[in-house]
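Undergrad: Given only the sequences and the hints, what does the whole structure look like? Please build it.
Top to bottom, those sequences are chains A and B.
Using the numbering used here, you'd call the opening residue of the first sequence number 1 and step up by one each time.
Using the numbering used here, you'd call the opening residue of the second sequence number 1 and step up by one each time.
Calculated from the structure, these hints are not laboratory results.
Keep in mind that the hints are not guaranteed to be accurate.
Said to hold, decoys possible - Capping the alpha-carbon separation at 30 Å, the derived lysine-lysine pairs in BS3-like fashion look like this: (1) B:Lys96 to A:Lys3; (2) B:Lys143 to A:Lys408; (3) B:Lys228 to B:Lys293; (4) B:Lys96 to B:Lys205; (5) A:Lys3 to B:Lys143; (6) B:Lys259 to B:Lys303; (7) B:Lys180 to B:Lys228; (8) B:Lys120 to B:Lys228; (9) A:Lys225 to B:Lys120; (10) B:Lys258 to B:Lys303; (11) B:Lys96 to A:Lys225; (12) B:Lys228 to B:Lys205; (13) B:Lys218 to A:Lys408; (14) B:Lys96 to A:Lys408; (15) A:Lys3 to A:Lys225; (16) B:Lys303 to A:Lys3.
One letter stands for each residue in the lines below.
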Amino acid sequence: MRKVWAVVRREFVERIRSRWFWISAVLGPVFFGAIIIIPLRLAASGGAKRIVVVDGTNTGFGARVADTLMRGRTFWIVARTPPRAGLLDSLTSEVGANRLHGFLIVSDTTVEGGAAEYRASNISSFRDIDELRGVLGRLAVNARLERAGVDPRTVSRAQISVNLATKKISGFKTTGESSAQSFWLAYVMSIVLFVVIAVYGVNVMSSVLEEKTTRIVEVLVSSLKPFQLMLGKVVGVGAVSIFQFVIWGVGGRLVLTQRAALLGNLGPEDAATQQVALQLPHVAATTVAVFLAYFLGGFFLYSAMFAAVGAMSSNEQEARQAQQPVMFLLMIAYLSVFALANDPGSGYAVALSLIPFTAPIAMPVRWAAGSVGPNELVASLVLLVLGIVVVTWVAARIYRVGILMTGKRPSLGEIVRWVRAG
Amino acid sequence: MPAPAPAPAPIVVLDRVTKRFAGHTAVDGLALAVQPGVIFGLLGPNGAGKTTSIRMIMDIIEPDEGTVRLFGECGGGRTQTARIGYLPEERGLYRKMRVLDVLVFLAEMKGVERRVARAKGLAWLERLGLADWRLRRIDELSKGMQQKVQFIATLLHEPELVILDEPFAGLDPVNAQVLKDTVLELRRRGVTLLFSTHIMEQAEKLCDQLCIIARGRKVVDGALGDIKRTHGGQHLIIGFDGSSGAAAQVFADTRLVKKADDYGQYAELELAPGADPQQILQALVASGARLAKFELEEPSLNKIFIDLVGPDAARAEARPDA
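TA: This is the structure we're talking about:
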């Protein structure tokens, strides 16, 4: 046992000592932050879209549309002009030359029949399109009602929209989490789980590979059992990953408490955007516990597999190839995160959160996105632990034979033989 | 030579040990015993099964048949690991670790306490002139220095049995000397050494006892002197001074010569059973050869080895994991 402990300590100390650990400890949150904030910023910034309103209305509807859009921050109305021959062609060439973002065509039929047209170089921004559709729809309704003789004040009172507040009920209690927050939390958790399990799993793999290629492993397995060596390695690397989380946790705390100061440094214009990004969801202690439990489970499950991959490879290239199936397995749940978060109760989501290979990412996501019953959680955890036992047993057998093998990569048949040979 | 004292219990015993890998038998019913305090050579060409045998002794792999006994106890090297020092054939160290840390870690694997391991490691580094390098990373060291670190790692825990697999392979001349001195020093202190090699000249100079294996089977074993007497036959070294005359005809006389390696100005003869060297001398002189050297000699181990296993087996190709 003292030897296993020595292996654990070596893995831990050597990693903590390396420059890369500290670089990733510092850059990790920056990286995760970037993944989360950059899409938001890109969607929000980039300046207002310069558009022209081609106004074919006689009722002043076009003018109202232009004014309303101008008041919003998404669009900048360069001009409002009545339609004339050749106008659309010249506007199109302006867009082509990138001097104009696009143009909006409104006419009396917009009010009557609800038809308008927006031509632009980019029409895939949901945000832009939503804003246009919203403004046009609201103003068209106003215009129709006013034409029918309804008092404009009644209309504006009728326009007060319903603000649907969403609160997640978790364990018979209403939490402060809104649906957007739940989604973001689930999304962020899936990214962190995926990246950290993959990174530290690959760490275990390279560590195995190093001992194999340098033949130190021969000296080691003549001193302790291969399984003890593998165990020490996995626990040591796992401890590093936990230490990493501790650093991030403390760092995150600091950022949170200093949030106001940080925001103050940004321009007032950006503050609104930043607020959206930094509005951190309320994270319950149980959520943290679920996250950590599944992280540890996932880490042990996958690092056992990565250890076996390292043992059956003779060099980095071979290992990179052989790790692909394992990576793919890990990716299944990660790629399903949107489906999981949108409908945490679907059969697909339930299945993914029960299968041990996908549960480490799927279950925390479901937990964050919606409520998961205690029975399901227990069932998933039991299956995960069983999965770890079986996978580790198989991996240890591959590891034991593989670390001493050199030369050509074993075929699948040979690996099966290794596992079956007592 | 005095009659040998009653043999003490052997340190290493292989009892009809067999190991098969997919497709071939690496070690086939090998039996050997290593007495305490000797330098034991496990000899054989590449692919003969030396490394496989050593790995079975070290408990790195399990034999399919037969048993390994160490220090009189059943079971392989892992249970006795603290008493054994092992240097594998292809040697490496953790490249990114500091020298002293590697030594301490590997000693811990042998059950040495951290603090003790540190002190002993420092003493060894001092002794081999590496003290200033103790905080450097392994990959900053020259290959020769790394080899020294590996010796230290093998010996730091003061093992009673030291097993070296092809220890001289890839050593620079200085380190080969260091290793040879260390081996002899260890024997003086009563440590038992088992090493494998395919270079017979080294074995001849160092070993008290040896075992030659080829294709996984034992060809011969015993004390070096006994093997030479039993298997050597009588050998003649002949040097000519300019003219070999009709020596070739003499060499071809099967009543006198069993086998001849004729190099023109130099020849090695193995005498036919019962042949008298004096007859050959007379025949050579009569043939008109001018002799510069005529010497009766023990055969080299290399020659015994080739005679025993045949030139094909002696050149056998290395097989994976054999």
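Undergrad: Work down the list of hints and note, for each, if the structure agrees.
TA: Verification of the hints:
no.	hint	in the structure
1	B:Lys96 to A:Lys3	holds, 21 Å
2	B:Lys143 to A:Lys408	holds, 27 Å
3	B:Lys228 to B:Lys293	holds, 22 Å
4	B:Lys96 to B:Lys205	violated, 37 Å
5	A:Lys3 to B:Lys143	holds, 28 Å
6	B:Lys259 to B:Lys303	holds, 12 Å
7	B:Lys180 to B:Lys228	holds, 23 Å
8	B:Lys120 to B:Lys228	violated, 41 Å
9	A:Lys225 to B:Lys120	holds, 25 Å
10	B:Lys258 to B:Lys303	holds, 14 Å
11	B:Lys96 to A:Lys225	holds, 24 Å
12	B:Lys228 to B:Lys205	holds, 13 Å
13	B:Lys218 to A:Lys408	holds, 29 Å
14	B:Lys96 to A:Lys408	holds, 27 Å
15	A:Lys3 to A:Lys225	holds, 10 Å
16	B:Lys303 to A:Lys3	violated, 46 Å
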